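2 protein chains.
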Amino acid sequence: MYLIGIDVGGMSIKGGAVTLDGQIVFKTSIPTTEKYTAEYSISEDIRKVIDAVLEGANITIKDVKGIGIGQPGSIDSKKGTIRYSNNIVLENVPVVAELKRYFDVPIFINNDANCAALGEHVFGAGKGYNDVIFVTLGTGVGTGFILDGKLFEGRDCAGTEGGHMQIDMSESAPACSCGRKGCWEAFASATALIRQTKVAMESDKSSLMYKFAEEEGKVSGKTAFLAAKAGDKTAQKVVDTYISYVASGLINLVNIFCPDAILIGGGISYEKEYLTNPIQKAINENRFGAKFNPKVEIKTASLKNDAGILGAAALAL
Amino acid sequence: MYLIGIDVGGMSIKGGAVTLDGQIVFKTSIPTTEKYTAEYSISEDIRKVIDAVLEGANITIKDVKGIGIGQPGSIDSKKGTIRYSNNIVLENVPVVAELKRYFDVPIFINNDANCAALGEHVFGAGKGYNDVIFVTLGTGVGTGFILDGKLFEGRDCAGTEGGHMQIDMSESAPACSCGRKGCWEAFASATALIRQTKVAMESDKSSLMYKFAEEEGKVSGKTAFLAAKAGDKTAQKVVDTYISYVASGLINLVNIFCPDAILIGGGISYEKEYLTNPIQKAINENRFGAKFNPKVEIKTASLKNDAGILGAAALAL
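Chains as they are written, first to last, in our numbering: chain P, 4 to 320; chain S, 4 to 320.
Looking at chain P on its own, in the form it has when it is part of the complex (with noise of 0.2 Å):
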């Protein structure tokens, strides 16, 4: 038997044919459309996906244990429906009941910082902890939970928007995408650090940061923690301030759910213990009750490119 795992993007739908422990035997995707309608559903291009999963892996339906799809935005997990989603404009969408129509299997939705905890939980780094958070470090800051085993959703399955913390309260606060000011979006995203770093590179014009950014043709996530790896002082300092800004809401979970692990994903995860030994520390010293409290690890989330389709097809688990 296999699952089916789905990952939708805002560039591509991905899909994939995955054994039941994690092997991806087959995938593809297609580009998602500028503007989904009522007359051509995303529900659409998911099955086109879908069907050439089956022939690409060379199953039928009947190979197929559940399809599973992981969607950003705010999921109705039990209806299957997309209540909304900013990135792909999308509103009140039945996913779920609309695929039913093609696919006689068991069809999960949910949102893919959830689906991706959920993966990194079955499949990867989060194996055999019962209580995960996975924090995501990308264009935001997303966050999954893991509780006793199983994943939380909030009520409604409307909770779980970690990043939307507010760690700044004043005025002078960045904006966040949500309305508010000073989120640990804000802060601690992948496009919070570039914007640090052109903020410092303004700074100081010797700064190493200008050589990095030119070799890679941009200021990205990577380039103030080459040119700090490099001994570049403004560029370390870049650093150290924003790991203290991941490590400020980090803390906070920590505080709230003591956790065994947290799991870090998305682009800046792959400074590894670059990034994760100065939070652990910060996490040790810092949190509540640091001295009587059980240890929580903080490790790198270890599925990378495949955690959107393994996290989906472990919904259909």
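Take the hints with a grain of salt, since some may be wrong.
The calculated DSBU-like cross-link candidates involving lysine-lysine, where the alpha carbons are at most 35 Å apart (straight line), are [claimed, not checked]:
id, chain 1, residue 1, chain 2, residue 2
1, P, K275, S, K184
2, S, K38, S, K307
3, P, K184, S, K275
4, P, K82, S, K302
5, P, K81, S, K153
6, S, K82, P, K302
7, P, K51, P, K65
8, P, K184, P, K153
9, S, K103, S, K130
10, P, K232, P, K294
11, P, K284, S, K184
12, S, K236, P, K184
13, S, K284, P, K81
14, S, K81, P, K284
15, P, K298, S, K82
16, P, K208, P, K275
17, S, K103, P, K294
18, P, K294, P, K153
19, P, K284, P, K302
If you are wondering where the hints come from, they were derived from the structure by calculation, not from laboratory data.
On a predicted model such as this, the values are computed, not experimentally measured, just so you know.
Assemble chain S onto chain P, guided by the hints.
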């Protein structure tokens, strides 16, 4: 059958005999000792209160379904031990095992804020809701979480410290008792409100706050509210700013949990709608996905002075 609820506080240990539907038939208390030792454990004083409750309610231990104990600090409810407590200085006290020698009924211990959340859920304003966050605005800011109808404690009962979310990362942020700076508790506790009130009074010697403080004999959590209601602009600014601090942390929790309701307890909750109306508005407007997500109700807790005894009793239900 009765429940016995024990409410351990900094000044006294209260106890009550409670019917299964939450009526207190008898209550009493004794003062807490300055310093408990291995030889004279806090369990000895708890035992005295239980004996006094049995006698006062004219019942025997055979009439008791179970005993619940609410205790400030870090409690390991599974092991039945106080891991540590700052207020009354305690470390690794096996309270349940110690009391089991005397009372052959189920005995439970939990953190006081957790008990308060459970008490409101079972007997108070949280009845009928599946997901409730209880927040107490008192000396500190305590939080308790009912998720999917059950008390959530975090892994190893070491979570639910929502008061220790950092909401201000700046160097100038007020210090928190936990060692961090800028925790929600350092802005939204009654202690913090008193500090904010005193600073505002310094800045406006003609403020009505002086009159109300004089009448009460001190600056309290009520001073700014009373003066604001009487038309004092400086006091109104204190109140508005304080409420924005309370709302900041609550919106963070709403974005993570999306509870049915948030119940506010503690001294400041006596301000009722004057407090909850602007908070409800702030949450409705500023939470993540405000337009699409289900409403979260803000109410004041209902158990008031008996919350401690009833919450502890609810542990034994």
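The hints, checked one at a time:
Among the hinted pairs, P/K275 with S/K184 is consistent with the structure: their alpha-carbon atoms are about 27 Å apart, no more than 35 Å. A threshold of 35 Å between alpha carbons decides the hint, and for S/K38 with S/K307 the separation of about 28 Å falls inside it, so the pair holds. The hinted pair formed by P/K184 and S/K275 meets the criterion: a straight-line CA distance of about 27 Å does not exceed 35 Å. For the suggested pair P/K82 and S/K302, the alpha carbons sit about 29 Å apart, so the restraint of at most 35 Å is met.
Restraint check: the Cα-Cα separation between P/K81 and S/K153 comes to about 20 Å, which is no more than 35 Å; the hinted pair holds. Between S/K82 and P/K302, the direct Cα distance comes to roughly 29 Å. Compliance with the 35 Å bound is thereby established for this hinted pair. A C-alpha spacing of about 17 Å is found between P/K51 and P/K65, which places the hinted pair at or below 35 Å, so the restraint holds. Of the supplied pair hints, the one linking P/K184 and P/K153 holds, its CA atoms being roughly 32 Å apart against a limit of 35 Å.
A distance of roughly 31 Å separates the Cα atoms of S/K103 and S/K130; the hinted pair therefore holds under the 35 Å criterion. Proximity of P/K232 to P/K294 is assessed by CA-CA distance (about 32 Å); at most 35 Å being required, the pair is judged to hold. Between P/K284 and S/K184 the alpha-carbon distance is near 17 Å, which keeps this suggested pair within the 35 Å criterion. Note on S/K236 and P/K184: the hinted pairing holds, with a Cα-Cα distance of about 26 Å set against a maximum of 35 Å.
This hinted pair checks out: S/K284 and P/K81 have alpha carbons roughly 28 Å apart, not beyond 35 Å. Restraint check for S/K81 and P/K284: the C-alpha separation of about 28 Å stays at or below 35 Å, so the hint holds. Proposed proximity of P/K298 and S/K82 is supported: the alpha carbons are some 18 Å apart, at most 35 Å. Using a Cα cut-off of 35 Å, the hinted pair P/K208 and P/K275 holds, with the two alpha carbons roughly 28 Å apart.
A distance of roughly 28 Å separates the Cα atoms of S/K103 and P/K294; the hinted pair therefore holds under the 35 Å criterion. At roughly 28 Å between alpha-carbon atoms, P/K294 and P/K153 fall within 35 Å of each other, so this suggested pair holds. Distance check on the hinted pair: P/K284 and P/K302 sit about 13 Å apart at the alpha-carbon level, within 35 Å; holds.
Consistency with the previously given hints is maintained throughout, with no hint failing.
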